[in-house]
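Visitor: One line per chain: the protein sequences are A and B, in this order.
For the first sequence, position 731 matches number 731 in our numbering, and the numbering has no gaps at all.
For the second sequence, position 64 matches number 64 in our numbering, and the numbering has no gaps at all.
Worth double-checking, as some hints may not be accurate.
Unchecked claim - Quick list of in silico lysine-lysine cross-link-like pairs, DSS-like style, CA-CA up to 30 Å:
{"no.": "1", "chain 1": "B", "residue 1": "K64", "chain 2": "A", "residue 2": "K837"}
{"no.": "2", "chain 1": "B", "residue 1": "K74", "chain 2": "A", "residue 2": "K556"}
{"no.": "3", "chain 1": "B", "residue 1": "K64", "chain 2": "A", "residue 2": "K673"}
{"no.": "4", "chain 1": "A", "residue 1": "K631", "chain 2": "A", "residue 2": "K556"}
{"no.": "5", "chain 1": "B", "residue 1": "K64", "chain 2": "A", "residue 2": "K498"}
Keep in mind the hints are simulated off the structure, nothing from the lab.
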Amino acid sequence: MSIPTETRKIRQDLAELRISLEKGEIKLVSSLIPQLEALCEMGGIPGAMRTLARRLAGMAAAMGPEGDRPQKEVAKLIQGLAKLEHSMEEPPAKGLQQSASAPPKGPTAPGSEEMDLLERFASRQRTELEEFEVAILEREKGAADGDEFVKRYLHTLKGEFGVLDLGEWSGLLHEVETELEEKRLGTEGLLRLKDLIGERLGTLDSPRGRIVSAEDRQTVFGAPPSQFPTAPTNDPSTSTDFAGDPSFLVDFIAEGGDHIHSIEKSLLKLEINPTDEESINLVFRSCHTLKGLAAFLELKEIQRLAHAAENLMDRARNHAIVLGGQHVDVLLEATDAFRTLVDGLERQVTGLPWEPPSNLEALIDRLCEADYLPPIPALPPEKSSRMMGELLVEKGVAPEAVERALRDQKEGDTRPLGEILIQAGEANPRDVGQILAQKAQVAKAPEGKNLSVEETIRVPVQRLDLLIDAIGESVIAQSMVWADTRLQEVRDLALEKKIAQATLMLRQIQELSMSLRMVGIRSTFQKMSRLVRDLARKLDKQIELCMEGEDTELDKTVVENIGDPLVHMVRNSVDHGIESPVERIAAGKPAQGRISLRAYHKAGSVFIEIEDDGKGLDRDAILRKAVAAGKAKADQSYSDAEVHQMVFLPGLSTAKAVTDVSGRGVGMDVVKKNIEALRGTVEIRSEKGIGSSFVIRLPLTLAIIQGMVVRSGRERYIVPTLSILTTVRPEPGSVHTVVGKGEVLNLRGDIVRLVRLGRIFSDSTEEDASVHQGVVVVVEDGFGKKSGIVVDEILEQQQVVIKNIGGGMGQVPGITGGAVMSDGSVSLILDVGAVVKIASE
Amino acid sequence: MTEMVANRPEVAQSRAGKYLTFRLGEEEFGLEILKVQEIIQLQSITRVPRTPDFVRGVINLRGKVIPVVDLRLKFGLDRAEDTERTCIVVVQIRHADGMVVMGTIIDEVREVLDIPGASIEDAPSFGASIETEFILGMGKIGQSVKILLDIDKVLSGKEIQHIQAASA
Numbered sequence: 001m002s003i004p005t006e007t008r009k010i011r012q013d014l015a016e017l018r019i020s021l022e023k024g025e026i027k028l029v030s031s032l033i034p035q036l037e038a039l040c041e042m043g044g045i046p047g048a049m050r051t052l053a054r055r056l057a058g059m060a061a062a063m064g065p066e067g068d069r070p071q072k073e074v075a076k077l078i079q080g081l082a083k084l085e086h087s088m089e090e091p092p093a094k095g096l097q098q099s100a101s102a103p104p105k106g107p108t109a110p111g112s113e114e115m116d117l118l119e120r121f122a123s124r125q126r127t128e129l130e131e132f133e134v135a136i137l138e139r140e141k142g143a144a145d146g147d148e149f150v151k152r153y154l155h156t157l158k159g160e161f162g163v164l165d166l167g168e169w170s171g172l173l174h175e176v177e178t179e180l181e182e183k184r185l186g187t188e189g190l191l192r193l194k195d196l197i198g199e200r201l202g203t204l205d206s207p208r209g210r211i212v213s214a215e216d217r218q219t220v221f222g223a224p225p226s227q228f229p230t231a232p233t234n235d236p237s238t239s240t241d242f243a244g245d246p247s248f249l250v251d252f253i254a255e256g257g258d259h260i261h262s263i264e265k266s267l268l269k270l271e272i273n274p275t276d277e278e279s280i281n282l283v284f285r286s287c288h289t290l291k292g293l294a295a296f297l298e299l300k301e302i303q304r305l306a307h308a309a310e311n312l313m314d315r316a317r318n319h320a321i322v323l324g325g326q327h328v329d330v331l332l333e334a335t336d337a338f339r340t341l342v343d344g345l346e347r348q349v350t351g352l353p354w355e356p357p358s359n360l361e362a363l364i365d366r367l368c369e370a371d372y373l374p375p376i377p378a379l380p381p382e383k384s385s386r387m388m389g390e391l392l393v394e395k396g397v398a399p400e401a402v403e404r405a406l407r408d409q410k411e412g413d414t415r416p417l418g419e420i421l422i423q424a425g426e427a428n429p430r431d432v433g434q435i436l437a438q439k440a441q442v443a444k445a446p447e448g449k450n451l452s453v454e455e456t457i458r459v460p461v462q463r464l465d466l467l468i469d470a471i472g473e474s475v476i477a478q479s480m481v482w483a484d485t486r487l488q489e490v491r492d493l494a495l496e497k498k499i500a501q502a503t504l505m506l507r508q509i510q511e512l513s514m515s516l517r518m519v520g521i522r523s524t525f526q527k528m529s530r531l532v533r534d535l536a537r538k539l540d541k542q543i544e545l546c547m548e549g550e551d552t553e554l555d556k557t558v559v560e561n562i563g564d565p566l567v568h569m570v571r572n573s574v575d576h577g578i579e580s581p582v583e584r585i586a587a588g589k590p591a592q593g594r595i596s597l598r599a600y601h602k603a604g605s606v607f608i609e610i611e612d613d614g615k616g617l618d619r620d621a622i623l624r625k626a627v628a629a630g631k632a633k634a635d636q637s638y639s640d641a642e643v644h645q646m647v648f649l650p651g652l653s654t655a656k657a658v659t660d661v662s663g664r665g666v667g668m669d670v671v672k673k674n675i676e677a678l679r680g681t682v683e684i685r686s687e688k689g690i691g692s693s694f695v696i697r698l699p700l701t702l703a704i705i706q707g708m709v710v711r712s713g714r715e716r717y718i719v720p721t722l723s724i725l726t727t728v729r730p731e732p733g734s735v736h737t738v739v740g741k742g743e744v745l746n747l748r749g750d751i752v753r754l755v756r757l758g759r760i761f762s763d764s765t766e767e768d769a770s771v772h773q774g775v776v777v778v779v780e781d782g783f784g785k786k787s788g789i790v791v792d793e794i795l796e797q798q799q800v801v802i803k804n805i806g807g808g809m810g811q812v813p814g815i816t817g818g819a820v821m822s823d824g825s826v827s828l829i830l831d832v833g834a835v836v837k838i839a840s841e
Numbered sequence: 001m002t003e004m005v006a007n008r009p010e011v012a013q014s015r016a017g018k019y020l021t022f023r024l025g026e027e028e029f030g031l032e033i034l035k036v037q038e039i040i041q042l043q044s045i046t047r048v049p050r051t052p053d054f055v056r057g058v059i060n061l062r063g064k065v066i067p068v069v070d071l072r073l074k075f076g077l078d079r080a081e082d083t084e085r086t087c088i089v090v091v092q093i094r095h096a097d098g099m100v101v102m103g104t105i106i107d108e109v110r111e112v113l114d115i116p117g118a119s120i121e122d123a124p125s126f127g128a129s130i131e132t133e134f135i136l137g138m139g140k141i142g143q144s145v146k147i148l149l150d151i152d153k154v155l156s157g158k159e160i161q162h163i164q165a166a167s168a
């Protein structure tokens, strides 16, 4: 199926037009149309190509001859054109002679398919890079799996870059591999490489992102790598040097083996389902990579074979042919030949004699001819759902034999039909196996898609939030129905049951919707391991970082915002907590310090702990400083917890002297503020000489809180359960007034200041009820101090969806938001810290 | 006056249009219809502590919590008992952070009027005692005069700063 000369001309014209379009001469859009139309009229071109051309012509026509054309549209058009050109590439002549040095495709604008690939690649690499970093750090510690992972990762990445036509990148990776082998590149270089790739992942689709500049190289290798060519894969003059290097051949043998294996696996899948796009693409890509690698190493036989196979797969990929049994057969033969060739290579490397197989030329010819075999329609699926016996008869088993076997089964033979026939020598095991495989396929995956990979859909967060919001609304609406007094009047058990059922379902949906926003904290933790390592090295300390519970899931927003506070606290632990090895040994501790990061779920909250076995907080120094700053009284005694909380006091923490003396506190007030913004709390436990631990407690989700509904006067408020320590009904005699104004409660020996909610929130002149008629909700303010908020009554405990109390209201002190209650009215959610603060003013 | 308006046709043009008219005490007001999202019955309002008097509180508008402003108090009129005619006009106003939905409590809704530009005059100056910057113009309908409000200015800008100052 050779493409006629006219087509070739059109292709040239289109390429020219595309290039001028890329240069920005968008006036030419209209001149594309006749070319594309001519292409559509032409006979003998594949349908997919025709469709694409027609679509592009439509696009060009829609843009009109003049006027503003959105950049995006033009870019899309250019992409489409590049794809069209690519699909118009001439198929190779039979003998393949002229393509012996087939160069990898030039850096053309990526087609939309490639864009998709790139995007998927980038998003996958983001996670894998983190693993890579972990492995680098482990490798440094001497872990063999770390080293292995690093090497494997570099190698895979190199291959992937190659497949994605990012030649310069795969060149860079190749250099890194060599340098690593020669031990010229250490942990630092690998980390720099990781950072570089991480930075550039997002820009790989731009022409700029594809280029690895000299500076980039310098970033990775430290000094300008004068002895290395800029892009070995693209430079034929140096390729011979590399080809002669046995280490490359060894690499190729390993990598080639993997590709061959994956080709074989996918081919077997294709035999069952000839239109499985995923497998077709996989085989195509593997062949392409094999070809590229072989060309680079000047392994002509493998290259030619791979090229022929790739061409065949390309046709399948473009739907020009449907892969039939004969195609798969010849491809499988090619796979075997690959294996022989690679094995032979191995022998050659180890110095053993080897002769290339003689049937190679014939096989390549057959691969090319396979192109022209009439496509055999795929087995209609309903066929496989038919009876086993019927299918066997089709395979050539005598009908009488099948009937006999069926009769045997009826008479009590428990063996499956296939087995009876095989044992009777009537059917051959291969046929039976094939039919069974077909049947299994049909039973398992009616769509014919059978991927073990976890499939994901990327959804904009905004859309997700809208969904979660809407579900929250429906939960409220539902509880409004449930709470409707008319329902109680009806007293219809069946109706109630139905509503209860609906409520249950809705709750499930709500829980599910919440989980949509949950992400693991692993990546945040992994950043810490890098941080600890770098800092420890800088400070000449030996520190081991242990992580637990990296798979603990938190709300996305929480994970995003907890990073900074964590960095801060971990840095503090490294910098000020852990002592130098000398000090540690003097204190009778192992020279290597230990920092543990832990995340776990407990009691409806997520806990994150940062624990170190360093010198602990210096209580006296903190207190001294706090007194000096006027934040504490010299003659008052403070509990340890209170002193520790002083670390979070603003102003105190930024004083440099404190850092020098006590070792902690720079920016700790910011840490606390950030955590509180996430409605979390942070607690410190510390023992001098033993170590400290910071425990952060965070809500599972930001959208819902568990709250206690209280009444104060005529208003209802919600107190977040998380901030409530206890509730008490004050006994007579336990409340004392201070100078006639302030009130305190003696709570089991603790003096708790009382705050009358009614007084600070109400402008009414109503006489306050006696405290004894109300309830005291004891809360902890931000600094470890207990306060009691006096309310009239506790109504209930309830989960509420937090709502912003309306734009234009600004921030209202003492109120974090509103919640729609089951009767449809709004209740305000208290910010207890702020309420206590208002009372102190 | 007429002359003045005639000299500034573009102003007259921009002010002409449909207005929702309503009553506050003895005075008649008009609100650009495009700013009005809906009119709802008075419902239970949750008071928000430590906010200016004219902020009556917040309500639940189909799951969204929105603030409600008492226009009587906003304009310094006497507080009045709510009647069955009292209602909440929900408006969309332009605020520094974008569009904001708010409720305004008014005594009674009258009608929707199409007021031509020629019937709208600038507000006269009353000296320092009365602020006129939130008045779009005075609409003359027959014998009556409607005060056309620039609701963006009424509920945002300075006043919002005021709320925020009160809450700071």
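Visitor: Give a verdict on every hint.
Guide: To see whether the hints hold, each was checked on the structure:
With a C-alpha separation of about 29 Å, the suggested pairing of B:K64 with A:K837 holds against the 30 Å cut-off. About 41 Å separates the Cα atoms of B:K74 and A:K556, which puts this hinted pair outside 30 Å; it is violated. Proposed proximity of B:K64 and A:K673 is supported: the alpha carbons are some 28 Å apart, at most 30 Å. Note on A:K631 and A:K556: the hinted pairing is violated, with a Cα-Cα distance of about 36 Å set against a maximum of 30 Å.
Taken as a hint, the B:K64 and A:K498 pair is honoured in the structure, with Cα atoms around 27 Å apart against an allowance of 30 Å.
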